[in-house]
Amino acid sequence: MNRFLWPLIAVAVLLGFLVLGLLHGDPRALPSPFIGKPAPQFELPTLKNPEVTIGSKNLAGDYAIVNVWATWCVMCRAEHGFLLDLAASKTIPIYGINWRDSRVEAIRWLDELGDPYIASAYDADGRVGIDWGVYGAPETFLLDPEGTVVYKHLGPLDPVIWQREFVARMGASGGASK
Amino acid sequence: MIPEIGQFALILALSLAICQAVLPLVGAHRGDAAMMNVGRSAAAGQFVFVAVAFACLTWSFIANDFSVLYVANHSQLSLPTIYRVSAVWGAHEGSLLLWIFILAAWTVAVARFSSGLPDAFAARVIGVLGFLSVGFLLFALLTSNPFDRLVPAPADGGDLNPLLQDPGLAIHPPLLYIGYVGFSVAFAFAIAAMISGDLDRRWAKWTRPWTTVAWMFLTLGIALGSWWAYYELGWGGWWFWDAVENASFMPWLIGTALIHSLAVTEKRGLFKSWTLLLAITAFSLSLLGTFLVRSGIIVSVHAFATDPTRGFFILTFLAVVVVGALVLYAWRAPALDSDVGFAPLSRETFLLLNNVLLVVATTLVLIGTLSPLIIEMATGGKISIGPPWFNVAFLVPMIPLVILLGMGMHAAWRTQAASPWLNTLKIPAIIAIILGVVIPLFGYGRISIMLVVGCAAAAWIVASALIPIIRSLRREKGTAGITRSALGMSIAHLGMGSFVIGATIVSAFGVESDRALQPGESIEVAGFEFHMKSLGNVQGPNFSAIEAEIEIRDDGEYVATVRPQKRQYLVQRSLMTEAGIHPGMDKDLFVALGDQLGNGAWSVRIQYKPLIRFIWLGALIMALGGLIAISDRRYRSTAKARDKVPLDSTKTAEAPA
Amino acid sequence: MRKFVVFIAAVLLTSPLFAIDQEKRFDDPELQTRYEQLISEVRCLQCQNQSIKDSNVSLAADLRREIARMIEEGQTDEQIAEFLVARYGEFALYRPRTSGKTLFLWVAPFLLVLLGGFALFRVLKHRMSLPIDDDTTNEGRAE
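Keeping their order, the protein sequence lines are chains A, L and S.
At position 48 of the first sequence (counting the first as 1) the number is 48 in this note's numbering, and the numbers step up by one without a gap.
At position 436 of the second sequence (counting the first as 1) the number is 436 in this note's numbering, and the numbers step up by one without a gap.
At position 73 of the third sequence (counting the first as 1) the number is 73 in this note's numbering, and the numbers step up by one without a gap.
Hints are computed from structural coordinates only; laboratory data are not their basis.
Quantities reported herein were computed from a predicted structural model and do not represent experimental measurements.
Please note that a few of the clues may not be correct.
[Said to hold, decoys possible] In silico BS3-like pairs for lysine-lysine, Cα to Cα no more than 27 Å straight-line:
id, chain 1, residue 1, chain 2, residue 2
1, S, 101, A, 37
2, A, 90, A, 48
3, A, 37, L, 382
Using the sequences and the hints, build the whole thing.
Shown next as structure tokens:
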């Protein structure tokens with residue numbers, strides 16, 4: 001009797017894993033390998049003024065948001081309103097990385113829709129994007145005052161996600177609380 | 001109106017399926033002939049109503065009824081009629097209806113051709129199939145109704161995924177499902193045997209043809225999918241070990257093991273509980289495949305866009321079916337042990353080896369498919385397991401299997417004397433070793449261990465499989481020739497040989513080259529010259545395309561002109577590649593357009609694929625072998641009259657045959 | 001004509017705006033082979049299960065470019081794999097690297113064959129001990 005129960009036991013175990021798998025959520029979501037590690041070093045010309053550079057050095061000192069965006073990215077447009085609100089509330093500095101985009105188009109986009117960024121870095125060939133492990137836009141990174149990556153969010157931001165994922169991780173020392 | 005008729009028909013089908021599930025099983029238990037007979041009528045009724053529902057959905061597509069949500073999402077005014085029909089099964093809800101339809105069709109076939117089976121047994125089989133129908137109909141009606149309305153109806157639809165607008169892909173799902181779903185018959189036969197507690201050699205004889213037919217269609221369906229991926233997806237590959245591909249391949253592997261195991265059970269009454277387990281596993285893997293594809297649990301370009309609710313439903317259904325079957329198995333299997341034996345060198349041993357290796361292969365594919373998920377659960381880290389692992393892992397059991405294949409065919413039942421057997425194998429062995437070296441070295445100019453193994457294995461299988469055929473042709477007048485069963489076996493194995501040589505050669509000697517080309521320029525790949533004559537635009541019924549005209553020459557001599565296209569479908573706006581292929585049994589020349597580069601040039605992928613067609617030809621030949629095998633005399637009706645006598649006449653009340 | 005213009009515009013707008021040469025080619029065939037092997041084993045993270053060799057999306061093109069650059073700089077396959085894993089995790093590689101959790105993957109084929117062999121051996125031993133004759137009245141067919 002004993003050995004004929006093994007298939008049943010094996011199947012039960014397998015089913016257990018499959019249930020867990022179903023509960024788990026989006027199989028495509030990739031956790032960032034940088035969580036808990038220093039943000040990748042970079043230095044790029046800014047979008048609006050190529051003479052000026054912006055890089056990791058600018059990000060340290062306070063909690064900061066780095067938002068990867070592009071004009072060809074539909075979801076970036078969807079979250080843009082929220083970013084403007086967030087910038088207006090002066091809760092936290094927002095930096096942008098304009099990823100694989102046309103400089104002219106990007107500047108026009110910001111002029112038309114508003115610019116929530118303290119400054120946007122212009123990543124023409126995507127190399128910095130790769131260094132940050134970016135694989136889709138929009139992506140938003142939360143950095144702590146030491147420049148460590150606390151959290152990465154893939155997809156557009158909204159107030160709910162902001163509260164649940166970002167504010168919750170920012171601790172007492174983050175900017176003016178909101 | 002029509003969609004409502006369709007929906008109502010589904011509900012009626014469900015009620016009939018419930019009758020079909022419950023009454024025959026109760027009737028078999030009580031020996032009530034009237035109740036048992038309900039099964040056949042209920043099955044016929046269910047089929048009619050499912051067919052009506054299917055017809056209603058098809059009509060909605062053809063008539064462009066965009067008030068039906070499913071039609072609105074997957075069709076379009078400018079979609080050619082033939083694709084409006086194939087769009088019926090192009091997404092989740094419709095393909096589920098197709099599944100239900102095919103299950104109902106198989107059930108009717110069983111009802112029709114089961115006159116040779118004892119009544120109680122046939123009733124139980126139909127009852128189990130009814131139970132499966134109930135599960136799927138509930139799934140459709142509760143979570144995936146194809147007849148949901150969209151109000152207000154849009155003026156035009158969202159179009160069928162352009163990848164699916166292709167004749168090859170149009171028939172791929174039906175063929176595949178006939179196979180997948182067909183294993184439910186073997187499953188039902190297994191459950192029926194376990195319920196009654198009787199399983200003997202006749203049971204194996206009854207089960208075999210049904211299993212073989214399902215296996216045939218699955219073979220064809222998988223081969224078609226592979227061929228389609230090759231010419232449609234634009235990257236020239238024929239197998240990617242994608243989760244959904246694996247989902248269809250695992251039932252095939254176990255189905256192959258099952259066919260071979262049934263041979264032993266039919267011939268000698270051995271491996272009964274093992275054969276039962278295989279029959280349960282084959283269909284369980286079909287269900288698992290359905291789950292994987294529709295639950296959103298894995299990442300695949302094949303996966304239906306769907307949600308976890310549906311995933312939970314299928315998983316629950318899968319759990320009930322498989323756990324139920326395995327409980328029955330744990331209960332009944334111990335009593336099935338038989339007490340005859342066989343010698344170490346015998347056909348039984350080789351078939352056992354076949355089964356072991358196929359089960360190992362299946363387990364490996366399962367591990368590769370599910371491990372990323374399990375590892376993520378367990379450790380939180382995400383890994384990918386792709387072709388680099390699968391290709392290596394799969395060969396580990398496959399190489400021995402292929403070698404043993406040639407040997408096992410010639411081993412006798414019970415015990416085989418070593419000397420005559422080795423004698424038979426001498427010539428194939430010599431041919432194999434010679435061709436194993438000659439084909440790669442003189443055919444293609446390069447040699448390696450893997451190449452020799454691959455080519456030798458193919459030659460070995462072919463030579464070995466031809467022996468029974470040659471012997472039959474050379475036999476003495478008046479003596480019995482090869483039976484259809486044995487002929488089918490030889491031919492199926494020949495198909496395997498064709499597959500092995502195709503896969504070996506194309507993997508080793510295929511050449512791929514990505515280059516930039518402008519009109520007027522030429523490139524040389526694998527000794528052929530590819531000259532881009534022109535680049536222009538063409539219009540299709542629902543797409544616009546850029547088409548390149550590329551002339552191929554061999555040493556200056558004209559070979560062919562191919563016209564690869566980059567299409568943009570007007571509604572979904574996705575870009576699709578139509579490869580330009582110059583086919584041939586000895587090689588394919590494959591050209592696909594990549595991206596537009598600056599200054600009027602395009603990136604072009606050119607591939608040289610030697611013997612690639614042998615891969616799909618092999619599958620076709622295998623399926624043909626299966627067909628021939630089941631046309632054998634002993635599966636025909638005259639033989640069946642003898643089977644009507646129940647296994648144990650004291651167990652069921654039965655009218656005299 | 002208008003449809004064609006619209007089509008071309010659509011193509012340009014949906015393709016990467018800074019389209020680069022499709023493939024980096026090395027004159028050295030060994031390097032080229034290494035390059036092709038590597039890109040066939042790296043996952044396209046923007047796609048639904050494709051390698052960066054087979055995908056046309058911008059990230060795939062970028063990653064191919066980076067890998068070509070690293071090969072040119074003389075980095076080893078190990079270093080290139082490490083580069084990718086540091087940024088995208090193990091998920092980026094189709095060939096699972098041998099670490100604690102993936103060791104069993106590479107051992108599994110052999111382990112399973114051994115297990116199978118063991119099971120087979122036990123069955124054979126049992127069957128060898130049983131009488132071979134049985135009272136079949138069946139036709140003496142070979143299959």
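Legend entry - Hint consistency between residue 101 of chain S and residue 37 of chain A [alpha-carbon to alpha-carbon, up to 27 Å]: 22 Å, holds
Inset, instruction - Could you grab the alpha-carbon distance between residue 37 of chain A and residue 382 of chain L and see if it respects the 27 Å cut-off? - result: At roughly 18 Å apart (the allowed maximum being 27 Å), residue 382 of chain L and residue 37 of chain A satisfy the hint.
Inset, instruction - Decide if the proposed pair is consistent with the structure: residue 90 of chain A and residue 48 of chain A, CA atoms, cutoff 27 Å inclusive. - result: Roughly 21 Å separates the two Cα atoms, so the pair holds.
Consistency note: the structure conflicts with none of the earlier hints.
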